[in-house]
Amino acid sequence: MSASNTLSIAPSLADVGGPAQPLITARDLTCHFPVRSGTFAPKKVVRAVDGIDFTIRKGETLGVVGESGCGKSTTARLLIGLVPVTGGKIIYDGQELGADLSLRNLRRGVQMVFQDSFASLNPRLTIEETIAFGPKVNGVPQAEALAIARDLLDRIGLDPARFAGRYPHELSGGQRQRVNIGRALAMRPRLLILDEAVSALDKSVEAQVLNLLDDLRRDFDLTYMFISHDLNVVRFISDRLMVMYLGEIVEVGPAEALYHKQAHPYTAALFAAMPSMDPDARTQVPPLAGDPPNPIDPPSGCRFHTRCPQASAVCGMTRPKVTTLGPGHQVACHLHDPNSGHPEATT
Amino acid sequence: MTFTTTPASVVIEVPAAPTVSYWAGVWHRLRRDPAALICAAILLALIFSATFAPWLGFADPYTGSMINRLKPIGTEGHILGTDELGRDMLSRLIYGGRLTLFLGITPVVTAFVIGTTLGLIAGYVGGWINALIMRVTDVFFAFPSVLLAIAISGALGAGIVNSLVSLTIVFIPPITRVAESVTASVRKLDYVDAARASGAGNFTIVRVQVLGNVLGPIFVYATSLTSVCMIISAGLSFLGLGVKPPEPEWGLMLNTLRTAIYINPWVAALPGMMIFITSLCLNLLSDGLRSAMNVRQ
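Protein chains in written order, with this note's numbering: chain A, 141 to 487; chain B, 120 to 416.
Take the hints with a grain of salt, since some may be wrong.
[Said to hold, decoys possible] Keeping only pairs whose Cα atoms sit at most 30 angstroms apart, straight-line, the calculated BS3-like set for lysine-lysine is: (1) A/Lys183 - B/Lys307; (2) A/Lys343 - B/Lys307; (3) A/Lys183 - A/Lys229; (4) A/Lys184 - B/Lys307.
[Claimed, not checked] If you want the footprint, here are the derived chain A segments under chain B, 3+ residues with CB under 8 angstroms: (5) 218 to 227; (6) 385 to 393.
Hints were generated in silico from the structure; no laboratory data involved. Note that the Cβ used here is the ideal one computed from N, Cα and C, for glycine as well.
Kindly generate the complete structure, drawing on both the sequences and the hints.
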């Protein structure tokens with residue numbers, strides 16, 4: 141058992157740059173989807189992700205929050221090569237995707253857990269076969285792949301003797317999501333992207349899965365990118381927080397700092413919309429009205445200016461510069477740029 | 120009064136629920152569908168009698184007798200009567216099942232293989248390859264299937280092989296269309312994305328992840344086409360484009376006996392009855408299979 145454990149824990153891609161080098165660096169990462177409204181209509185694009193820069197450090201958990209349609213999932217799918225990159229670079233542990241690193245190798249270092257636990261498991265395969273599929277297509281012999289699967293089932297809290305031969309419809313939602321985590325871990329990734337991975341589970345099961353994720357991070361030396369709309373969950377699990385709006389990053393910072401003081405008006409609105417446990421602190425007025433604008437034709441200047449309570453003339457004209465507020469805390473807002481020309485800008 | 124309670128440290132062993140494999144589950148559900156079971160039994164009996172007809176001791180289906188023409192049902196020696204040349208109807212119906220079932224099933228099986236392959240490629244690859252394959256099948260959809268079969272058979276000339284070819288061509292487009300739509304919907308599911316993310320090639324993904332999930336619906340659809348195929352092939356024989364006399368075949372028998380409909384309507388209707396019963400059984404069985412193969416979610 142101990143021999144197979146050491147075998148299964150070792151990541152499939154060895155560390156290259158040491159702990160100081162970010163595991164993932166995204167530079168000006170862009171993803172546009174072409175849309176055609178009619179045969180002769182001019183070609184348009186959905187700017188799902190529009191030139192974002194961010195890093196994920198080794199061993200940390202980066203929480204990603206934002207409304208639906210803000211590009212969270214597209215960012216995740218870009219990092220694992222499920223949607224084509226329109227522009228920009230993905231650098232994995234110092235190696236640029238496409239130049240120093242093939243997509244196949246990137247996928248050995250980055251894996252993903254999907255939101256819908258049912259749609260992400262093949263109903264015709266037993267969960268053991270589902271977990272063993274990844275190693276098998278990467279050249280691990282059948283018997284060894286099944287041994288890896290059984291070992292992983294044990295680690296994700298499903299007794300292999302009872303569960304290995306079961307089909308997805310014979311499992312509960314929480315058990316299925318554990319299998320999804322196991323399937324991703326079978327590739328021995330170093331970065332695990334959790335795209336709303338616990339959002340569909342009920343609260344008690346969600347807590348169990350979050351605890352499991354915490355244990356697995358230590359056992360497998362994992363880095364997490366945790367995408368969620370539930371700010372309470374994000375706070376529990378994240379070291380840093382990245383806030384996205386309409387395909388752009390509006391604020392990045394340490395999770396605790398951001399919880400106490402939000403620099404960007406959009407982040408502030410998100411946190412104000414968080415349901416409170418205290419009845420006296422209940423909000424009566426919605427912090428933001430309306431839906432996000434259409435990403436096919438995003439607003440000029442700061443994309444948030446159409447809904448921002450503190451918008452001024454400059455917000456509609458120029459894109460805000462990224463300002464550093466504290467250690468690791470950056471915001472893209474004219475309010476925090478003394479030279480932006482915004483009347484309320486801090487000096 | 121004392122209560123015995125289970126200490127918290129005791130782990131209660133929950134017996135593992137027995138896992139049922141997919142096909143065992145299908146069989147379990149099909150067993151509770153009497154209509155489908157009866158139909159399956161009738162079809163099996165038909166296939167059995169057709170396959171082993173020469174060894175079952177029936178009269179020679181080719182030997183006629185001019186004095187015993189068009190005897191009614193129940194005649195001694197000829198339980199189902201005789202046809203317009205005095206040949207035994209029971210024997211001819213059983214022997215006729217050989218050709219009729221062969222002509223009904225073979226084109227569908229061939230079309231199933233070709234149509235599924237085309238549909239899988241179109242649905243999985245998408246893009247202009249999908250457009251090419253699906254627009255070509257649309258051309259075939261422009262013609263009614265019977266008319267198309269007659270046109271192709273007419274162009275190729277009468278004969279069993281040509282009618283097999285024409286029927287295969289007729290059934291490829293509908294199977295392709297079903298296969299394409301099922302594949303396209305499966306392709307969007309997260310487990311296919313997850314398989315791509317694990318670095319599997321397209322061929323492996325189609326074989327392991329897609330095929331098992333699309334074959335069921337396509338198979339059920341193809342089963343229902345078998346009855347249509349039998350009717351069209353009977354129609355081709357009826358028009359003189361398929362089987363030639365004196366071969367016994369239900370469609371051809373219906374054609375030659377139709378002149379006797381005023382003399383002996385019951386005997387004349389028998390080949391039609393056989394076509395009707397077989398089609399009905401195939402349809403009911405495919406219906407039963409469809410519901411039995413639905414994985415509960």
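Hint check:
Restraint check: the Cα-Cα separation between A/Lys183 and B/Lys307 comes to about 24 angstroms, which is no more than 30 angstroms; the hinted pair holds. The hinted pair formed by A/Lys343 and B/Lys307 meets the criterion: a straight-line CA distance of about 28 angstroms does not exceed 30 angstroms. Annotation: proposed proximity of A/Lys183 to A/Lys229 holds, straight-line Cα distance about 25 angstroms (limit 30 angstroms). The suggested pairing of A/Lys184 with B/Lys307 holds, with an alpha-carbon distance near 23 angstroms, which does not exceed 30 angstroms.
Judged by the Cβ-Cβ criterion of 8 angstroms, the region 218 to 227 of chain A is covered by chain B as claimed, because 3 of its residues qualify and three suffice. Given as covered by chain B, the region 385 to 393 of chain A fails the check, having 0 residues with a CB less than 8 angstroms from a CB of that chain where 3 are the minimum.
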